[in-house]
Structures are given as structure tokens and as C-alpha cells.
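Given the structure of chain A, go ahead and fit chain B with the ligands onto it with the hints provided.
In the order they appear, the protein sequences are chains A and B. So the first sequence is numbered by this note's numbering: it starts at 409 and just counts up by one. So the second sequence is numbered by this note's numbering: it starts at 2 and just counts up by one.
What the hints contain is simulated information worked out from the structure, not anything from laboratory work. Be aware that one or more of the hints could be misleading.
Unchecked claim - Below, a sample of chain B positions facing chain A; criterion: calculated Cβ distance under 7 angstroms:
1. Gly114
2. Ala115
3. Pro196
4. Ile199
None of these values were measured; they are calculated from a predicted model. Backbone N, C-alpha and C fix where the C-beta goes; we use that ideal spot for every residue, glycine too.
What follows is the residue order along each chain.
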Amino acid sequence: MLIRLKGARVIDPGKIDGFKDIIISNGVIDAVVEPSEADQMLLDILSKAEEPCGIAEQPFGITDQACTPIEKPCDSSNHKQHDTSTAEPYDMRTDQSKPCGYNKKAFTKEDITEIDLTGMVVVPGLIDLHVHLREPGYEYKETIETGLKAAAKGGFVAVCPMPNSSPVNDNSSITAFMVSRAKELGGSQLYPVGSITRGSKGEALCEYGDMQKAGMVAISDDGRPVENARVMRRAMEYAKGMGLPVISHCEDIDLARDGSMNEGVVATKLGIKGIPNVAESTIVMRDIALAELTGATLHIAHVSCEESVDAIRHGKKRGIRVTAETAPHYFTLTDEAVARYDTNAKMNPPLRSERDRQAIIEGLADGTIDVIATDHAPHSLLEKDIEFDRAAFGIVGLETSLGLSLKLVHDETLSLEQLIEKMSKNPATLLGIDNDLKPGNRADITVIDMDAFWSVNPRTFFSKSKNTPFAGFNLRGEVYMTMIEGKIAYQRQDGGSEIEEIS
Amino acid sequence: MRFEHKDLLDIESLSVRDITMILDTAEGMKEISSRPVKKVPTLRGKTIVLFFQEPSTRTKLSFDIAAKRLSADTISISSGSSSIVKGETLIDTAKNLEAMNPEIIVIRHPSSGAAELVSRRVRASVVNAGDGLHAHPTQALLDMMSVREKKGRIEGLNLAIIGDIAHSRVARSNIAGFTKMGATVTVAAPPTMIPRGIETLGCKVAPDIESCIENADVIMMLRIQKERQESILFPTEREYSMLFGLNSKRLRCAKRDVLVMHPGPMNRGVEISTDVADGEHSVILEQVTNGVALRMAVFYLVSGGTKNAD
Ligand SMILES: [Zn+2]
Ligand SMILES: [Zn+2]
Numbered sequence: 409m410l411i412r413l414k415g416a417r418v419i420d421p422g423k424i425d426g427f428k429d430i431i432i433s434n435g436v437i438d439a440v441v442e443p444s445e446a447d448q449m450l451l452d453i454l455s456k457a458e459e460p461c462g463i464a465e466q467p468f469g470i471t472d473q474a475c476t477p478i479e480k481p482c483d484s485s486n487h488k489q490h491d492t493s494t495a496e497p498y499d500m501r502t503d504q505s506k507p508c509g510y511n512k513k514a515f516t517k518e519d520i521t522e523i524d525l526t527g528m529v530v531v532p533g534l535i536d537l538h539v540h541l542r543e544p545g546y547e548y549k550e551t552i553e554t555g556l557k558a559a560a561k562g563g564f565v566a567v568c569p570m571p572n573s574s575p576v577n578d579n580s581s582i583t584a585f586m587v588s589r590a591k592e593l594g595g596s597q598l599y600p601v602g603s604i605t606r607g608s609k610g611e612a613l614c615e616y617g618d619m620q621k622a623g624m625v626a627i628s629d630d631g632r633p634v635e636n637a638r639v640m641r642r643a644m645e646y647a648k649g650m651g652l653p654v655i656s657h658c659e660d661i662d663l664a665r666d667g668s669m670n671e672g673v674v675a676t677k678l679g680i681k682g683i684p685n686v687a688e689s690t691i692v693m694r695d696i697a698l699a700e701l702t703g704a705t706l707h708i709a710h711v712s713c714e715e716s717v718d719a720i721r722h723g724k725k726r727g728i729r730v731t732a733e734t735a736p737h738y739f740t741l742t743d744e745a746v747a748r749y750d751t752n753a754k755m756n757p758p759l760r761s762e763r764d765r766q767a768i769i770e771g772l773a774d775g776t777i778d779v780i781a782t783d784h785a786p787h788s789l790l791e792k793d794i795e796f797d798r799a800a801f802g803i804v805g806l807e808t809s810l811g812l813s814l815k816l817v818h819d820e821t822l823s824l825e826q827l828i829e830k831m832s833k834n835p836a837t838l839l840g841i842d843n844d845l846k847p848g849n850r851a852d853i854t855v856i857d858m859d860a861f862w863s864v865n866p867r868t869f870f871s872k873s874k875n876t877p878f879a880g881f882n883l884r885g886e887v888y889m890t891m892i893e894g895k896i897a898y899q900r901q902d903g904g905s906e907i908e909e910i911s
Numbered sequence: 002m003r004f005e006h007k008d009l010l011d012i013e014s015l016s017v018r019d020i021t022m023i024l025d026t027a028e029g030m031k032e033i034s035s036r037p038v039k040k041v042p043t044l045r046g047k048t049i050v051l052f053f054q055e056p057s058t059r060t061k062l063s064f065d066i067a068a069k070r071l072s073a074d075t076i077s078i079s080s081g082s083s084s085i086v087k088g089e090t091l092i093d094t095a096k097n098l099e100a101m102n103p104e105i106i107v108i109r110h111p112s113s114g115a116a117e118l119v120s121r122r123v124r125a126s127v128v129n130a131g132d133g134l135h136a137h138p139t140q141a142l143l144d145m146m147s148v149r150e151k152k153g154r155i156e157g158l159n160l161a162i163i164g165d166i167a168h169s170r171v172a173r174s175n176i177a178g179f180t181k182m183g184a185t186v187t188v189a190a191p192p193t194m195i196p197r198g199i200e201t202l203g204c205k206v207a208p209d210i211e212s213c214i215e216n217a218d219v220i221m222m223l224r225i226q227k228e229r230q231e232s233i234l235f236p237t238e239r240e241y242s243m244l245f246g247l248n249s250k251r252l253r254c255a256k257r258d259v260l261v262m263h264p265g266p267m268n269r270g271v272e273i274s275t276d277v278a279d280g281e282h283s284v285i286l287e288q289v290t291n292g293v294a295l296r297m298a299v300f301y302l303v304s305g306g307t308k309n310a311d
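One chain only, chain A, in its complex shape (with noise of 0.2 angstroms):
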């Protein structure tokens, strides 16, 4: 399969802004060029496909085998773990790998599909550090499969599933499985990301090594922050032996104890336990001054507060290997979205204030959060439809993360640039992941429509839970395909005539 992707304008963050061609084959990146040049592009591909292959001659058949892509090294998509050999100032963007080998196929006019994307904007996959698809163990609130399916609808070609399932991802075999069943589907890829400790239970450290070889590319408790600081430690030291990530779920447990909201003066007019700022930010202290002394790649999760924010800025400037995530309704709500003891608008950490609202944001703006994940939390209404202060934490939010995250763009507090920086290119590096717009990288690609205007309508979603507090919002910019190594896996239907959904 030839594809020529044209019209749009093509955007990789530093290396490429303007209206390009981008020419697939076999799902991988063959040229991105001038609208000009990729006629001639095309019929050289074509030309050398006429040319007689000579082994094509060869009996029993090898030809398949030989003129196929070179599956193998492309299989975990470019993927490669940091080096952690070196000892310079940490800059996750020098990350480079280089591109998987692959042959081209012969190919015939007919195999060329041209796509018209005039008027959008083309970029790298968008990918998604922080979800929780459930599976195994709670698949009447999400499964891979649906999880996979959102995640495409949302613009991802990638997810990386906490592993807090049931069983915990805390063993190969776990790992093995999610990664087994995402391959089947053929959807957006998935990164599982595997338990610091046993059944996150804060004591023994997991099989890291072993967990690697089955796919894991992180480790975290998330759900539960690492209690005992001796054994953050030591998971670290571990951890940065392998050039795995450590992903913290910052919460101090006896500050957060019984609380379902931010502390504060809406929690107090409700009559809500409140959970403190602090309860995050000390342990993102900690977790900082783990990370210097070990010299680890940390990431915080989910950052909620300004003096998270803060700790992490100063972090940064002090050279540590520390990386940061928001999701994007810590920049968009504050804790006066639970008004009417709306359970959608309860997840931890909590919304907090106007005041932390606006230093997330600052903190996205000047580059101290690195990246924006959803934290997709999928619920049913057995854990939404109760009392505020009995029911689960989380909200889904793959599918209206873009969306949400445009806003910032339409905003003028961040430029296109940054904005796919935080969305697809860092998570990549984080991931050791080489996801450059480039000949011999797998296409894997999200397509933006930034102007188109659209409303949040959960019974659209194609995750199983609908635990959203964003019902309703009106918002400006959304996905028009991810194509996931040259094939759609999402397209919005304008219609009818357009492909909707191919897996």
C-alpha cells in the first residue's frame, strides 16, 4: 500500500512547519516533500517497482519474504531505552534512535490511495503517557480493546496503561498479556508501564528486567504513591539500571486521609474532607531529592498544584532528571466544578484552586511540565452514581484531552509547536521513542482539524465509561484521523462517504 497524505500543513516541533507531501508505504514513512516533488516521488517509486526484482525469479516463493518489510525492528515501533551511561545535564530531546530498515514493495498505480487533508494540520501521533484501561480485572469499566479504541478517537497512536489492573502488572506475564492483546487488535500501540512494587504494595521491588524484555517501558504505582522512602530509593537505583523511567504518583496518604476534594473554601462550604496541596507537593519534594541522589529519570504524574509546579521548576534548574505531566483539567477546572457534589468532578489529585489553575498553566508555558497525559480513568455509574465522598476517583479523558488542550493554543499560551511537544514529541523521548515525521519511521500520524468547533457529548464516546465532567463544553479544534503505522484507525465521519473506523 502507497499513501500520499496532501494538502496539509505538516508540523514536527524544530524540524518541519509547512505544506507538505507525506508519501507511506507499507506503514512507514517513505518521503515527506514538496507538494511539488511528490508526483516525481511517486513515479520513482513506481518505476523502480517495474524494474525486475530478480529474486522475484527464485523459486519456492521467497520473494514475499524478501521484498516485505522488514517486520521485526520496526516491531516496537522505533523504540529504543535511554543510555544511561552518560552523565551530561539531562535534556530528554537529545534522545535520538535511529530509523528501522525496511524494503520496499513493488507497487502498482492501484495501490496508491491519495488523502486529502487540505485545511488540516498534520503531526506526529499523538501519545499518551498516563491511562488506565482496566483490563485485566475491571473490563465492565473499560477493556484494552475499548480503552485502544478511544485512544485512537482521540488522536493516539500510542498508551501507556498504569498497571494498576487486577491482578497488578507487577510480573511479565501481565505485561505479556496486555502487549499480546493490543498487537491482536491493531489499534493504537500500548506501553504498559509496570509496577515499582509487588501488588503496589509498597514493599518489594518487581522484576523489572524481566518485565522489560515482555514491553514494560516504565515502572509506577500510580494509584498509590511509594510510601516508604527507602524503597523509592532503591526502585530508582534499580530502575536507572535499566533506563526505565520511575512515574510517581505523588501523595503524601496520612495528609490526603479522607478527603475527596481539594482543601479548600468549596470543600468547606460543602462539608467535604479536603486533601491539601502539600499532600502532593512534599512528596515531589522527596521524590526530587530521590532522583538527585540516585540520578534517575523521575516523572511526576499528574501534576495539580502551584507548589508542585514550583518544586519541579527548581528541580529542573538544579539539573535533575526530573519530567512532569498535567492533564488538562487541572488547567481548565478548579475545585468549583464538584459545586453540586458532581462525582465527575472528582479524581485525585483533586481540582484545586484558580490560583493553582493558573500556575499549571504558567508552568506548561514556560516548559516545567514537559507533557500533558489524560490520567484516563474509566468508571461506571456503580462507582460515579453514589455519595460524593464514597465514590471513586477519576474521569475519562482521551477523548476530549485534544480538544481541551487546543484551547491553550486558540489561547496564545502556547504555540501549535509547544502544544505537540507536550503531546506527542517529549512523551516519545521520555519513551525512547523516535517518532520524527522522517523517511523509515512507521507512520504513525494524527490528523487536526483546528477550527473545527464541536461539543463533548459522552454517549459518543467510544471508551465504556462516560465519567466526564466536560458534558457539554463547547470546544474548538478536534481530531480528523490517527493513522497508526499507514493505516486509519480513526476517522471522523463528515457525512458518511469517509471510512469511519478500520482495526
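What follows is chain B with the ligands alone, placed relative to chain A:
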């Protein structure tokens, strides 16, 4: 004049006019309780469900008597009773109650917002008898009724509330109610018991009990819950009593005609000394009496009664 609310969930959603209407109606109801035959046929044939998910003999009894004096039938359902199956959600329970076609559901529940959650799912009127730390509107209304009865007004008075404000729905509802009616509310407690941003509810915070009660017309003492000691709010009851307990010596720095109130049940010798609890300033028993009348008024009004009927 008609009461324009289906439910009574909190004080915040009531207007000054609403509160005045409830207090006026309650005064009329109080007269019924002093008759030899303490029963009127007003709510005959109507069903009131008392749904208590938290132990509370006194409040439940008060609602029960109020319902019976209006000739309503009451059904009691509490957390221990077999009608609430383990695993059933609050909404399931509410829907089941609804299926019995009651006119009014009185609910007490340990979760803030529970009464509101139920009210959104049922056609019956919902009366909040206390939800978590959020609200206890009938208590605040009966407190206002008691103060108005003794002082002739609420506007312009100084109310001091002493105790665990952070964990008190009585305090929240009283702060809302008294400030709405034009009183000034000042609170005092160890800082562990003062929730963040309490000033935004319209009250002041005093550094100690003396300065809190100095100009008070009314002092409201809150029950110190011994089980709260687990949340490390104060070292000992002894020290609490020493610093924030109301005794006759402290009472002398208040106004001469000060009223002393307590929502009950009291810890004598902890937040309030026995001589003050039983002394001339205490209106604690009147609060209990008024509680019945006030709840009669609430039942009457939410079921569509008008202020001047009967
Ligand atoms: Zn988390
Ligand atoms: Zn999470």
C-alpha cells in the same frame, strides 16, 4: 403565601422570606403542642419516611413526634434494619422508598450531599435531617426560632459558636442562617477545628473563647466528639475544657442577658459545665421543644401548606 420549595436541603437555598415563613409557621405549630389533645388532622393519610443512615435517637424522635402531631403515618428505616440490603446503593434505596409513594422522605446520612442526591431521584419532598458535615437545616431553623422567641429578633444580634466547626453541619447551617437573617457570627476553637476559608461563609474567627463571647447575645456550644481525638484535633478533653469549655466564670464576660444553646447531646464537664447547662441563661430544653414545632412547620410547608391556612 406559599412555600416554594419541594425540599429542605440546606439553609443556603432559603431566602429571608422563606426562613421567616418557616419560623412564623412553627410558632403557630408550637401552640398545638401545648393543647391537651396534641394532634391536628393536617397531614392525615400522608406518609412520611424517616430514613436514618446514622444513629440519632433524638432527632429521629423529634421528626417522628412532629409527623404524628400532624396525623401523618411514619415509616422508619435505619441502617441496621433489614430493609437496607448490603450492597444496595443510596439511589436504589431511594427508589425503593419512592415506590412506597411517601409524600415526604426525611433523610439523615453520613455523606455530605446525600440528601440532595436523593432529592434529585424522587418525587417526594426530601427533608435533610443532617448530611455528613454539610448541613442540618432543621437544627439551624429551630435555633433561630428559639433565639427569635427569646430576643424578639435575629437581626443585629451577635452569635458566638464554639467548638469543632470543621466537623459540624450544625455550625455550617447556623452560620448560613444567622448571617442571612442579619446577625453577626463569630466562631472560636483550636485551629485544628477551624476549616480553611470559613470566613467566606460570612463569619469571623476569634482567637479564644473569651473574645468570642465578649459581646455575644447568644452562645452556641458544639458537642466535642470523643472519637474525633483519633484525628488528632486536640490533646485531651481536660485541656479542651480548660481552653474552650463554657463555665460560669467565663459566662460572666458575656452580656448579662446572653442565651446559652447546645444542639445536644451534651458532654457535661467538657464543652459545657453543668451549672451553665442547667443555669438561667440556658435555653437548651426550649430548643428541644421548638424542634418538634419547627419540624411540624417544615412538614406542613413542604407538603404545600400555606402560612395562614387552618
Ligand atoms: Zn495517580
Ligand atoms: Zn492514574
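Outcome of the hint check:
1. Gly114: Since the shortest Cβ distance to chain A is 3 angstroms, the answer is holds.
2. Ala115: holds (5 angstroms)
3. Pro196: holds (4 angstroms)
4. Ile199: With a closest approach of 6 angstroms, the Ile199 (chain B) hint holds.
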